[in-house]
Every structure is written in structure tokens, then in C-alpha cells.
Amino acid sequence: MLNNEINEDQSNGSPEILTKSLSRRKFFGIVGAGAAVVVAASSCKKDDIVNNSGVNLGSGDVGILNYAYALEQLEAAFYTKIIATPYANISAMEMAYLKDIRDHEIAHREFFKAALASNAIQSLDVDFNSIDFTNRANVLATAKAFEDLGVSAYNGAGKLISNPDYLTLAGKIVSVEARHAAWIRDIITMGSFADMTAVDANGLDKARMPDDVLTIAGTYIKTKLNATNLPTN
Amino acid sequence: MNIQNIISEIEKTDPEVYEKLDTRRSAMKSFAKVSSKIALAALPFALGSMFKKAYGSPTSPTDIVIDTLNFALTLEYLESNFYIKAVNSGIIPAGAALTAMTVIRDHENEHVNFLKTAISAAGATPVSFTAASFDFTAGGTFPGVFSDYGTLLAVAQTFEDTGVRAYKGQAGNLISNNDYLTAALQIHSVEARHAAHIREMRNATNLLVPAGVEVKPWITLNQSGIGTSAVQASYDGEESVMQAGIAITNIGGAQISAAAASEAFDEPLTKEQITAIVTPFFA
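In the order they appear, the protein sequences are chains A and B. In terms of this note's numbering, the first sequence is residues 1 to 233. In terms of this note's numbering, the second sequence is residues 1001 to 1283.
Just chain A, with the same shape it has in the complex (with noise of 0.2 Å):
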């Protein structure tokens, strides 16, 4: 929508435009000085408008918060479709296992629904297309993928938290994230639980930050996200 109203804009062609264009800007908080001198200057450019589009995160811890609200949300809807249409000769503990991480993701994703209240970012769409969930191999592996990154994604957001207490929460919920990808790994492969495709020769799991966990877990997020305003250090 924020789209089309400044394609309009651009063929429009009036000098109000850009007035008006920045100041809806504003008005939604998605650009800061700097991006804005850069529309000014080069008279609303397509790519600058495209990357600042879409679900703001926000700024700060808020914004954080709402990076690990989109990351539950994502992994809430794959485990709600897991236990929906579970794959091909399920055995009981893994049908059993499975709806626990499930109500703990729901569980994750409603406390920062809760937490955030009116701060709260949309519910996103997800795009599950490129998952076969009739089959074991391809919905374990997307489980194992999905859980790594979320435990590298708070492992990396922790420094960008200033709040103790939301550092505490991130805690919480990291560690079980941690038992999540430990079990799923065995069992796809016993003994996988922290191997070196997790963590590293000094003993330490992997830490990503918000660009790279958004570009990998964008595969599976129709809704897009803006996260320019998110804390950088």
C-alpha cells in the first residue's frame, strides 16, 4: 500500500510530492534523517523505497522484541502445521515431542504478543511452499534449520539489548530454543545434538545478527520486514 502510494507519487510529478511523501514517512517511522536525505536527493528512487518498505520492527529494545516476535510467529505456524498434517509414519514420542515444542512457540510467540501490547508488529504471513510436510527427512531438516537459527538469532541479539530484565526473558527462551535443536538433531542423526556444524572449535554456538537471520528466515516470511531501525550494537 505505502507502495503504491508513492508510485502515485512518482508519476504524479507535483513538488508537494516529496513533502508529502516524507512526511507520511514520518509518519509510519520507517526512515531516519540519513535515509531521508537520500529520497531528497535523488528524487524518490525505487531500491531506497523497496528496502525501507514493509512491517516495521521498530527501534530499540521494542524493536528486538518484535524481531523475536516475527521469529516465534514463524516457527509457531511451522510446528502448528507439523501436528495439522504430521508426515509419514510419525512415531508417538516424536508426534508427542513435536506438539510440545509446538505449544511452546505459541507460548513464546503469545508473551511477546502480550509484552509488546499495542507495540506489537502484525501477524505475519508465512510462505511454507518450498516444505514437503508429507515427508520426515524434509520437515526435520527445516526443524533443525529453523531452531539453529534461532538460537544463533538470540545469541546475537543479546549485546543489542539494553533492558537486563528483556536480556533475562531472552534467556529464558534461548536456552529451550537450545533443547529444541539438540533433540531434533538426534533425531535425525543420534549424537548430533552439537556437532561442529553448531558450535565451534572454542565451544561456542553460533551468533547471527538480524540481517543475516531475516535473509535466511525471509524464505519463509511472506509478510516483509523492515528491519533498518533495529539496534546495530
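Quick caveat, the hints were computed from the structure, so don't treat them as lab data. By construction, the Cβ of each residue, glycine as well, lies at the ideal position given by its N, Cα and C atoms. It is possible that part of the hints are untrue.
[Said to hold, decoys possible] Think about it this way: if two alpha-carbon atoms lie no more than 30 Å apart in a straight line, the pair counts; the simulated DSSO-like pairs of lysine-lysine are:
{"hint": "1", "chain 1": "B", "residue 1": "K1116", "chain 2": "A", "residue 2": "K206"}
{"hint": "2", "chain 1": "B", "residue 1": "K1271", "chain 2": "A", "residue 2": "K206"}
{"hint": "3", "chain 1": "A", "residue 1": "K224", "chain 2": "A", "residue 2": "K206"}
{"hint": "4", "chain 1": "A", "residue 1": "K206", "chain 2": "B", "residue 2": "K1085"}
[Claimed, not checked] Covered stretches of chain A, as calculated for chain B (at least 3 residues, CB under 8 Å):
{"hint": "5", "segment": "95-104"}
{"hint": "6", "segment": "121-132"}
{"hint": "7", "segment": "138-144"}
{"hint": "8", "segment": "147-160"}
{"hint": "9", "segment": "164-173"}
{"hint": "10", "segment": "202-208"}
Take the given structure of chain A and dock chain B to it, following the hints.
Showing chain B alone in chain A's frame:
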């Protein structure tokens, strides 16, 4: 930074700290006046200078970050030495079990070396322990720790779950240093992976698991899944279903049981709680 805590710590080794500080009233006063204007990063130096005035001799500044890293290193030494003896005990079945224990042992060794290096690089002195520093029977509570496989797994699970809670509880103390905080988080999640795997091993062997309890990779309520109350302090509090004042059970209209709500969030323990839990394992 809690100055009162730091002073209490010093009081343990020097009961006269208050008198000394009091006779240097001007040092305290000027510190109080200036402190609000000092950037957080400069605070350890400011404290160092205050104590230098109080004691009249150079004292290295008390540094919460170094203390926290040394606390983590202490726990890693405990785990590392435990797994070295466990792997050499001869009671872990060859194959997947022994391989897993060896992987975990190696990680704990790597954590020891990583933290030692980090602390030394910061110009501080890492704590140091040897095999003789530990008593893994915990004063006789676990006499079969290296002769009975069920006991060995139970102690391993307790160490891992406790380690996860310890790192979680210390994260806030590292918030001023991005690099150390990130590294601590990267260790924290590896300990959680270990915990999950040991719990899977306990589920599969079903040794020392009380009837009617299922040991899952995640912690259900405050259940240790271990048939002794000796480890209960490591699980108390895990039953929490309230997070930041928000009730998780059936949150947002979703059917989330209290068990699932407790599993979804691991709980931290304070340094004092962790110290009380691990002290029996030090000789």
C-alpha cells in the same frame, strides 16, 4: 553496579572496611558527588581509586565482569573435570553414549580454555582448579558417581541443567561488555544442548527415574526426574508459569498447559544459589 554488594564482598576479607572507608569520609563524599557524572564504563576505575584512597595502597579495581567470567570458569572447571573422570570411568557403554560424553567433555575443556584466555587477555587472573579440587560424590551423597551409570547420568544432567541456569542468571552482569556477553550466551546455549542430550540418554536408559515421570529434553515443572531430593535445588523455580507478570498457561486463548508453560521458559538462578548447589562438589 551495586556498590553495597562490592563493599560487602570486601567486608568478608576485611571486616574493617567500613571503618577504613569512614575515616576516609571525604573520599566517600567526593565519590558520591562525582559518581552520577561518571560514565558507566569509567565506574570500575572510579571505584578503584576510591578503595585506593581508603586503603592507602594500590588495589586492583573490583570488576563485576571479571568476577562473572571467573565464576563461569569455576563452573566449567567443575564440568570439565567431571567429564574427564566420567569418560575414563569405564562404565559408560561404548558407542553412542561414550561418543556423546566425549563430545561434551571436549566442549567443557574448550570452555575452560576460552574463559582462561579471555580473563588473561583482560589483564586479570583466572581462577585455577585441578582434579584434586573436586569431590564428585558430593561428600558421599553420590557414592556411585563413577561406578554406577545411572548415578553418573543423573549427576551429569544436574550439572548441565544447573549450568544453563547459572549462565542465564549472570547475563545481566555482562551487559556492559558486548563481546563477553555474546560469548557467554554462546556457551549458555551449548550447555542447553548438552542438557537436552543427557536428558535423552536418561529417558532411554530410564535409570533412577521415578515412576510416572518422563524425562524430556526440556524441564517440566520443577521435576528433576531423578529419584533423590539431593538435586532438587537445581530444579526449584523451573515450575514458573509467569513471565514478566504475564500468565503463560492458556495465554492468548491458546491451549497451553501449565507443564508446557513451564517447559517453554528456563529459569535463572543467582550466583548465591548456584554456589550453594555446587559447593558440596568441591573437596
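Tested hints:
Taken as a hint, the B/K1116 and A/K206 pair is honoured in the structure, with Cα atoms around 20 Å apart against an allowance of 30 Å. Under the criterion of a C-alpha separation no larger than 30 Å, the hint pairing B/K1271 with A/K206 is consistent with the structure, at around 25 Å. Taking the CA atoms of A/K224 and A/K206, the gap is about 25 Å. The hint holds against a cut of 30 Å. Between A/K206 and B/K1085, the direct Cα distance comes to roughly 28 Å. Compliance with the 30 Å bound is thereby established for this hinted pair.
Only residues whose beta carbon comes within less than 8 Å of a beta carbon in chain B count, and the segment 95-104 of chain A has 4; three or more means the coverage holds. Counting residues of the segment 121-132 of chain A whose CB lies closer than 8 Å to any CB of chain B gives 0, which falls below the minimum of 3, so the coverage claim is violated. Beta-carbon proximity to chain B at under 8 Å applies to 0 residues in the segment 138-144 of chain A; the threshold of 3 is not reached and the given coverage is violated. Coverage of the segment 147-160 of chain A by chain B holds in this model, with 6 residues showing a Cβ closer than 8 Å to a Cβ of that chain against a need of three.
With 8 residues carrying a beta carbon less than 8 Å from a beta carbon of chain B, the segment 164-173 of chain A meets the three-residue requirement, and the given coverage holds. Counting residues of the segment 202-208 of chain A whose CB lies closer than 8 Å to any CB of chain B gives 6, which reaches the minimum of 3, so the coverage claim holds.
Checked against the numbered hints above, the structure violates hints 6, 7; every other hint is satisfied.
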